[in-house]
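K.L.:
Okay, here's what each chain looks like letter by letter:
Protein chains: 2
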Amino acid sequence: MRTSKYLLSTLKETPNDAEVVSHQLMLRAGMIRKLASGLYTWLPTGLRVLRKVETIIRQEIDNAGAIETLMPVVQPFELWEETGRSEKMGPELLRFTDRHTRPFVLSPTAEEVITALVRNEVSSYKQLPLNLYQIQTKFRDERRPRFGVMRSREFSMMDAYSFDIDKEGLQKSYDAMHDAYCKAFDRMGLDYRPVLADSGAIGGSGSQEFHVLAESGEDLIAFSTESDYAANIEKAEAVALAAELAAPTQEMTLVDTPNAKTIAELVEQFELPIEKTVKTLFVKASDEVDADIIALIIRGDHELNEVKAENLKEVASPLEMASEEEIRALVGAGPGSLGPVGLKLPFIVDRTVAVTSDFSAGANVDGKHYFGINWGRDVQLGQVEDLRNVVEGDPSPCGKGTIMLKRGIEVGHIFQLGTNYSEKMNCGVLGADGKNVILEMGCYGIGVTRVVAAAIEQNHDKYGIIWPDAIAPFQVAIVPMNMHKSERVQEAAEKLYAELTAAGIEVLFDDRKERPGVMFSDMELLGVPHTIVIGDRSMDEGNFEYKNRRTGDKTPVAMADIVEHIKSQMS
Amino acid sequence: MRTSKYLLSTLKETPNDAEVVSHQLMLRAGMIRKLASGLYTWLPTGLRVLRKVETIIRQEIDNAGAIETLMPVVQPFELWEETGRSEKMGPELLRFTDRHTRPFVLSPTAEEVITALVRNEVSSYKQLPLNLYQIQTKFRDERRPRFGVMRSREFSMMDAYSFDIDKEGLQKSYDAMHDAYCKAFDRMGLDYRPVLADSGAIGGSGSQEFHVLAESGEDLIAFSTESDYAANIEKAEAVALAAELAAPTQEMTLVDTPNAKTIAELVEQFELPIEKTVKTLFVKASDEVDADIIALIIRGDHELNEVKAENLKEVASPLEMASEEEIRALVGAGPGSLGPVGLKLPFIVDRTVAVTSDFSAGANVDGKHYFGINWGRDVQLGQVEDLRNVVEGDPSPCGKGTIMLKRGIEVGHIFQLGTNYSEKMNCGVLGADGKNVILEMGCYGIGVTRVVAAAIEQNHDKYGIIWPDAIAPFQVAIVPMNMHKSERVQEAAEKLYAELTAAGIEVLFDDRKERPGVMFSDMELLGVPHTIVIGDRSMDEGNFEYKNRRTGDKTPVAMADIVEHIKSQMS
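If you're matching them up, the sequences are chains Z and H in order.
With this note's numbering, the residue at position 91 of the first sequence is 91, and numbering never jumps.
Offset between the second sequence (1-based) and this note's numbering: plus 1000.
Misleading hints may appear alongside valid ones.
Said to hold, decoys possible - Estimated spans, in silico, between C-beta atoms of each pair:
hint	chain 1	residue 1	chain 2	residue 2	range
1	H	T1501	Z	A560	34 to 40 Å
2	Z	K485	H	Q1059	33 to 39 Å
3	H	G1065	Z	K485	23 to 29 Å
4	H	E1215	Z	E218	56 to 62 Å
5	H	Q1059	Z	T402	51 to 57 Å
6	H	T1014	Z	R407	56 to 62 Å
7	Z	D536	H	N1063	45 to 51 Å
8	Z	E423	H	G1542	51 to 57 Å
9	Z	T402	H	G1504	47 to 53 Å
10	Z	E288	H	T1014	54 to 60 Å
11	Z	R407	H	K1012	54 to 60 Å
12	Z	V239	H	G1504	52 to 58 Å
13	H	D1461	Z	S317	55 to 61 Å
14	H	R1146	Z	C398	55 to 61 Å
Just so you know, the hints here were simulated from the structure itself, not pulled from any lab data.
We put the CB at the ideal spot given by N, CA and C, even for glycine.
Given the sequences, and given the hints that come with them, work out the whole structure.
P.N.:
Written as structure tokens, this is what we have:
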């Protein structure tokens, strides 16, 4: 491609409304343009990358034995009523009526459509296993779309759905997709991790997310220093930080703490070790519990894991904290003075708190705390659960090493749905024994457009994007210096362009009448992995200059060897 | 691909609600399934064809110098107000509001979005010419979706938009797209024609449609028997059927015709030559005319061309016929007795009627006609226009040969828009002289999904589809007879499958435990161009059997030669 016949659309300035690096660079490199909030047009450079990501995903998903289909973007609303998801999705599910006032939605995902298809098309266990996928436009009416295509409303997603006769089959389909994802992200040259994920409200027996590691990631991932263990912090199991509860060494005393409304104040004013303090949080209880509010007790230096809390059958979902008024009405004290001793409410204790002796907590009286509390002696322990986020240094739940945390961007998810949808939609087949069997389903998604943004978050410097070869919009840039004045440079550039193109290499030939500086900075901004600079000075010595975008290295290469050199540099 | 691992989904019976052959065969061959009215899921076999059509189009449009982009399916409504098309499109433009009650539409086309993009991204004539395209989902809320993907609501379209500094540039861009379309349809192996089309209300200086010829086509195309002339009947110029007006040979007489309310009755009862009769049609006049109704006069055996009528500045658009009440109120007679003599209304005469002497027409009195009317002597001629449809045998307007008519399915359209959109949206650049120039635009569409249906309308027989090689879902089918009983057959089939696949040929290997008859009819229904039958009997003679889907020929081919034979058969 010649820049003179291309829509380069690079920008010198960083647009004001772009907060994250990938959004800034995608705008500056002429990859996308905003059409409206959360709606982006993919310009030629962006689309070239998007198509490469799409192609790699398609090939690996095909190799895993899945078969491609294409479902409409517009789906009948009634299918969403069949599974009850019409309500669950809330306003993210964009609804509208057609000219005959029939209700439809813009597809955010396609479990309903595919399950309805399979229940019609597949009738025998002999037709299984079956894994159908599509790469199609999706729409989620996000309340606050942001970060460019990272959280846009319209986006491209690969969504696959597997159907198996039993759980064993589902596990095989799931494992095959896991491997396909790994191969695809490997080929894209991304630093990513499959991590255990919460399977939350949907249930199902297993779920993993695929995260591209990047400091700007919205998710925290817990890794073991000594094993393959990796889990989203939402899911990462927090173990008890002591083997067993030590015997009391202190008496319980009631202490006036008028100026200690937070753990930090308590610790500071009374010189308490923070590991010997606890926080008591009041949340709405579920119908399982004979009370409106239930208390959750975690150590003073720990954070409540809201997903773990929400998954407890005793806690209402979605999680809702009690208001100060509700707390006062119940115990007569504010949220800064709560604790288990004398509490007239059901409570659940975090694993680590359960093995903590001689601890301090609020006395359920404003301005007063108990110090030296011990389970059993001062208050009954009761239900113990994993309630907190892991922190760095925690023993890894796998039993090997300790936890370290990194940030990640979720680009994929694989999920064992089980019979959740197939049961509601009566999707079954005749089994080998002639009886109807409800199918075991898995669902699998990759945010195709998001992968592009995540790749940039992970691969950039102050000059612009640094594409991995496999997903670069162009593999090689030819930058001729003063081509319009030097016939020799022009001839060499044209010849090289023809040669590289004939070798199947995608070349961006910068044939604009621009200063070399402008051309260099555009190619760096675009992130083309390999640049060949053609100039009179180096040609006098029989060379072109090769520049590697990632390492920044510049090497003179003999003119005759340049094509081979480029090939050897391409990974 | 092995059928055992594929979603074949063929149907024996023709579904009731499918009227046209392509719709029937796409359902029966497992290419599509209906999700809701005008919404179809593409099953694996259908998608394979769709992707091939898409790829051929993409390659040829790329070769024409256009650059691919991707615009959102969801577009802000306000852009459609900028060009006034929000009204013009009527209820086909599906509108909805997002969660913040901002108005949006589902894209039926993208002139507004692309023009808004180019006005921001392109500032100098040096960046031109520019042709941007996309292959993207479109939506038109058809009042009555039908014929499967031929007239669905959601469909895939290639839409391109060219931007040039002047009309000469536009003509070049237009010609390049014309050639790209021809190359694409040639490669697909379709019998198609580019034909002149009406550019109607949008204006612009040129427009051609691309039609796949098929008896089931909704459009009539006029061809010359002796030149390349081809035009949609809407557009085809109808010439006068005589060189000049002959002198009168009859007196004008008023005749009682109480039982002749139609031309057919008049001709039959009075033994008149139909070429000596005329029809007078009353239609709503435009504001250009000092009357509410205007009369259009065509020969008794001709049909009014509504598009030509509508394009006249004297006629209201859209065309509306006067009601019988309006006619009676104006002339005191019914629609069966109208004519130019004594008519107190403006009228326009078709070219052929203008050179007809001694003709009959209604007398504007119920039950009476004038016979032997002659222009000038009995009534003044006035305005003459081309008002009628051409008919077979007419002299071709190109001057060579006569007209013949064929049916076609419109699959593409190319259009010189001129400054229609660019002016309204203020899309200009700095010209060489530093002054702002409003850009000359062209727009170009191919109905990608419709091409698939049109190809089937043109290529089928009673057994199913007959794909051209280039767009077949699979190029070769391997049908082993009783493979599950004969180890030799199985080995040969597996070996051949591996060899053909390694040669880059797309093979459907029917490894199901089915009777040969079932396998043959499925492969015929699917339309796989080349089938290799492997059976013990022919193997005894050292042969496989080769079957050509289009010719029906069956040939024994030596086992060792089969791969070469297949390659030689593939076009």
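K.L.:
Work down the list of hints and note, for each, if the structure agrees.
P.N.:
For each hint, the structure was consulted:
| no. | hint | in the structure |
| --- | --- | --- |
| 1 | H/T1501 <-> Z/A560: 34 to 40 Å | holds, 39 Å |
| 2 | Z/K485 <-> H/Q1059: 33 to 39 Å | holds, 36 Å |
| 3 | H/G1065 <-> Z/K485: 23 to 29 Å | holds, 27 Å |
| 4 | H/E1215 <-> Z/E218: 56 to 62 Å | holds, 59 Å |
| 5 | H/Q1059 <-> Z/T402: 51 to 57 Å | holds, 55 Å |
| 6 | H/T1014 <-> Z/R407: 56 to 62 Å | holds, 57 Å |
| 7 | Z/D536 <-> H/N1063: 45 to 51 Å | violated, 34 Å |
| 8 | Z/E423 <-> H/G1542: 51 to 57 Å | holds, 55 Å |
| 9 | Z/T402 <-> H/G1504: 47 to 53 Å | holds, 52 Å |
| 10 | Z/E288 <-> H/T1014: 54 to 60 Å | holds, 55 Å |
| 11 | Z/R407 <-> H/K1012: 54 to 60 Å | holds, 56 Å |
| 12 | Z/V239 <-> H/G1504: 52 to 58 Å | holds, 55 Å |
| 13 | H/D1461 <-> Z/S317: 55 to 61 Å | holds, 59 Å |
| 14 | H/R1146 <-> Z/C398: 55 to 61 Å | holds, 60 Å |
Figure legend: structure checked against the earlier numbered hints; the only hint not met is number 7.
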